Amino acid sequence: MKSLSGLIALLAPLIRGRGPFGRRRTAAPVPFAVLFDRFREVLERHNRAMECIADMGEKLGGDYLFDITYLKDAYAELSGSMAAVLSGFDAITQGRYARLGEIFRSLDSEIRRHVYHTASPPGHLVLFYGEINGSNAHEVGGKNASLAGVKNGTGLRVPDGFVVTVRAYDAFIRHNGIDGKIARLEGEDACQEEALQEIRDMIREGEMPLSVVGTLNAALKKLKETCGGEFFLAVRSSAEEEDGELSFAGQFETVLNVPPESRALQEAYKEVVASLFSPKALAYLQQGGGSAGRMKMAVGCLRMVDAVSGGVAYSTGPRGEERVFISAAWGLGKSVVEGQTDADFYAVSKEAGYAVIERRIGKKETRMTACERGGICTEAIPPALAGQAALTGGQIHELAEAAVLIETHFRGPQDIEWAFGKGGLLTILQARPLLVTASGPSTTPPFGHGPGSRQDSRTGEEVARLRGLSVQRGAGAGRVFVLRQMDDLATLPRGAVLVARNDSSHFIRAMPYVSAIITDVGSPVSHMASLCREFRVPALVNTGTATRTLAHGREVTVQVDDEGTATVYEGSVREVLDRAAAAAPRMEDLHEFRRKRYVVRYISPLRLIDPLQDDFTPEGCRTLHDILRFIHEKSVLHLVEEARNSRSESAPVKLELSVPAGIVAIDIGGGLSPDILKGKASFEQVSSLPLRAFLKGMLHPGAWSADAVPLKAGDFFSSMMRMPDIVSGPVQHTGCNLAVISRDYMNVSLHLGYHYTVLDSYCNGNARNNHVYFRFSGGATDRVKRVRRIRLIASVLRELGFSVSIKEDLLIARLSNTGQAEMERTLTALGRLTAYTRQLDAVLHDDGAVERYAEHFLEGLGFLHEVS
Amino acid sequence: MDTRRIMVIDDERIVGDMAKMALEQDGYAVETFLNGEAALARMKETHFDVVVTDLKMKGIDGMEVLRTVKERYPETKVIMITAFANLDTAIEALRGDVFDFFPKPVRIKELKASIVCALNRQG
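Going down the list, the protein sequences come from chains A and B. This note's numbering puts the first sequence at residues 417 to 1284. This note's numbering puts the second sequence at residues -8 to 114.
None of these hints come from the bench; they were simulated from the model. These numbers come from a predicted model, not from an experiment. Some clues are possibly wrong.
[Said to hold, decoys possible] Derived pair list, reagent style DSBU-like, types lysine-lysine, alpha-carbon separation capped at 30 Å: (1) A:K766 / A:K696; (2) A:K1223 / B:K47; (3) B:K47 / A:K1201; (4) B:K11 / A:K488; (5) B:K11 / B:K100; (6) A:K567 / A:K640; (7) A:K597 / B:K49; (8) B:K100 / A:K1223; (9) B:K11 / A:K696; (10) B:K61 / B:K35; (11) A:K1223 / B:K103; (12) A:K597 / A:K696; (13) B:K49 / A:K488; (14) A:K488 / A:K1070; (15) A:K488 / B:K35; (16) A:K838 / A:K637; (17) B:K47 / B:K61; (18) B:K11 / A:K1223; (19) B:K49 / B:K103; (20) B:K47 / A:K488; (21) B:K49 / B:K11; (22) B:K103 / A:K488.
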């Protein structure tokens, strides 16, 4: 980027010397020339930040061995670039988007906490769900932040309530002198049962600091006013996502049906916080490579829903099926997530209409309900009701629709807890990301039937075939251990095949040691199911008969497929195990990898795509990439707005071209013919040498037209045709393609479809001053296709003589010291390339296509060279 | 041919985990260690064809691993990786007869190519 800043210095006097663009207008203290210089400075820093993000994306993508030193250094540079962009942007917009700085600081502190392990900044003790947003979400833990996202982002009903934050946790722990004990836990090996017990006791006997009690009481009072009438609270854990993407499904305490009184709430709070130090939770944490003591807990206090029916919904099947999976039971959904009862199961189409594709009504013998005086009761269900569906057709439809909405909001599959209350209203109790494992063809082997496949007369013989609900495919071998009571878990031998009546999140302590899990009753959407998928333990639930079919102590090999079958073979069968292991693991399966690259979620994803959407606001920015996108868009708009307000010759002019490129030009000296009228100019009236050459390429017959590219997605193409009426329309709501031009210069920001192009060029008779800077990024399709497109553009640009650097799907190309005629030819080629490639990634189906399209394009250029 | 054995030593777990997954996919037997002490102890028990070691570690560092391997197991090739690459460390490593030297982050494809090359050199 040094060359660009040098160019700014070089160009400024050249541009300034040419025209009347610097004329001041009375209302604006900042001359346009100064504003434009600042704009270019912002662009330059913006480029640097984009390069940092792309570099991190590449190095943390799984193709490199990296360590924490890289992460620290890379983020230090990115953070510095971001701060510089923001200060430049602030100067341009005169502080209009001060909120953006706050959003950045919040993301920055969150990222620093992960990368450098810095302390949480001061914040709130209590936050109501309606108050939770991007800048304070880190204070409420993962689950609460998600629930607030459901409430504030989708408008679906969630229970009224508030969160006792991580800061309150810190205050409570310090106030009772527990912090020292916790610090000593860190780094030590295994679960030190005694130390943990001591910490739990200190928490239960601890005293809440006065400041926390005062805030808690005020929040309770406010909640009572909101809710009116009699109600109880569900007090739920929400641990910080300190250690990566662990789900913590069912690992911490939830206290249900707590009276809304200060003392009772404090007791429940302490119970939930103490569960952070349970052996079960710590075993889970350590198995995932985490360490005790570093994680903190926020606690959600929500109004209990008097549930008629409840359960879990997956917005996408756990193996990526395009269906909503629903498990439902009578009463509280707790019985489903704990796998304590049989449940109804539905697979529902995600298409509008939400047709039920699969239905299985379970025999729900018990239900959990809120007791009148607090606490939870389990009661038997009358036989007549047990076999009845817990949901009506309308409720299934409503739930599926809600699940799809939540998935759309969070941009990924979700694991959702829900309840229908006595009034028939749907309430969302929790949403968290769902781990989806890649699906594959069924691997049920024809084993035991082929010649030579048996290792002795019995080994390899099929001894049972159980039908149930598949949780995690795979194979494992070991001795069958039929669990009769939970306490027996302590005597489970290593490598056993665990066979149990119910599924249970308590099995987490056994997960490192079991080869497979099979249960009589259970749900593929329970906490245990999440944990099995997370740790890749082959598991089948709801077989009905496993505890009776499989003999305790027998050595077997179990293979679970995706279709709900567990095939059980006699003995340890190497071939079955090998075949299951052959499904290649991915870097993403490595906990350490996920943990270290966890911060990428705050950096790379681009969520803020369409400036026409309502959430194209500072508050809509969830990542640093979003912030950069926002800054680029608003900087361009601001420049146009300032130019328009100036009513001078540098007022924006709409280019009326034969293709709907939607470009607005700001002339800062000799870039347009003086005879333009009503803010509109034709191609012939463009006198800027570089822009004219560039447009010539865009307008080349066939370059823009879709004929050259066999598009599959019509709607994708139509999205590019959006032509913002920026001159007459309300500026703040339009996407903008802008060209700031003089006779010899252009700076173009193009947003065609979902691609972002920045082009900066100086072009006249003096070859030494001439240059082109070309940056290309973004894309609406998947990463593979975007990378293919970048490779295509790179190969063409290299043919044109550019020096090209590529990181992920960001491309930067430079060319300088080139004569005018060659420059114009090159810019024309760039114009054609820009038009040609704007929709290409939608059709680059394989790597070979890159070469074909590149050749096709270069052949076309040959023709262009001949005629130009 | 017997499965070739690779040892990876790095005080950050992620480096060993990622290297193990990537190299096992190519059919190598891989063992990982978080410090030089445990790694050298293991070398007494079994032979490794290639040792990939971090340079800067607490206790026994990469240079000491290199020296020990050259002295006791001259057939074993050592590849050094470091986040703190500079000319001095590179020269020092080369003097110690390191087979290859990579600054971190290191592209896994390049590391694999270097390992193939080291194994070919051993014959």
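Structure-based check of all given hints:
1. Distance check on the hinted pair: K766 of chain A and K696 of chain A sit about 36 Å apart at the alpha-carbon level, beyond 30 Å; violated.
2. Note on K1223 of chain A and K47 of chain B: the hinted pairing holds, with a Cα-Cα distance of about 28 Å set against a maximum of 30 Å.
3. Pair hint K47 of chain B plus K1201 of chain A does not hold up; C-alpha atoms about 39 Å apart against a cutoff of 30 Å.
4. A hinted pair counts as satisfied when its Cα atoms are at most 30 Å apart, and K11 of chain B with K488 of chain A qualifies at roughly 24 Å.
5. This hinted pair checks out: K11 of chain B and K100 of chain B have alpha carbons roughly 13 Å apart, not beyond 30 Å.
6. Restraint check for K567 of chain A and K640 of chain A: satisfied, since their Cα atoms lie roughly 19 Å apart, inside the 30 Å limit.
7. About 26 Å separates the Cα atoms of K597 of chain A and K49 of chain B, which keeps this hinted pair within 30 Å; it holds.
8. The hinted pair formed by K100 of chain B and K1223 of chain A meets the criterion: a straight-line CA distance of about 17 Å does not exceed 30 Å.
9. Of the pairs offered as hints, the one joining K11 of chain B and K696 of chain A holds, with about 29 Å between alpha carbons and a cut-off of 30 Å not exceeded.
10. Annotation: proposed proximity of K61 of chain B to K35 of chain B holds, straight-line Cα distance about 14 Å (limit 30 Å).
11. Between K1223 of chain A and K103 of chain B the CA atoms are separated by roughly 22 Å; this keeps the pair inside 30 Å, and the hint holds.
12. Taking the CA atoms of K597 of chain A and K696 of chain A, the gap is about 19 Å. The hint holds against a cut of 30 Å.
13. A distance of roughly 19 Å separates the Cα atoms of K49 of chain B and K488 of chain A; the hinted pair therefore holds under the 30 Å criterion.
14. Simply put, K488 of chain A and K1070 of chain A have alpha-carbon atoms about 46 Å apart, too far for the 30 Å limit, and the pair is violated.
15. Annotation: proposed proximity of K488 of chain A to K35 of chain B is violated, straight-line Cα distance about 36 Å (limit 30 Å).
16. Proposed proximity of K838 of chain A and K637 of chain A is supported: the alpha carbons are some 25 Å apart, at most 30 Å.
17. Proposed proximity of K47 of chain B and K61 of chain B is supported: the alpha carbons are some 18 Å apart, at most 30 Å.
18. Distance hint between K11 of chain B and K1223 of chain A is fulfilled; the C-alpha atoms sit about 26 Å from each other, no more than 30 Å.
19. For the hint linking K49 of chain B to K103 of chain B, the alpha-carbon distance of about 26 Å falls within 30 Å, and the restraint holds.
20. A hinted pair counts as satisfied when its Cα atoms are at most 30 Å apart, and K47 of chain B with K488 of chain A qualifies at roughly 16 Å.
21. Straight-line distance between C-alpha atoms of K49 of chain B and K11 of chain B comes to about 22 Å, which keeps the hinted pair within the 30 Å bound.
22. Taking the CA atoms of K103 of chain B and K488 of chain A, the gap is near 26 Å; set against the 30 Å cutoff, the hint holds.
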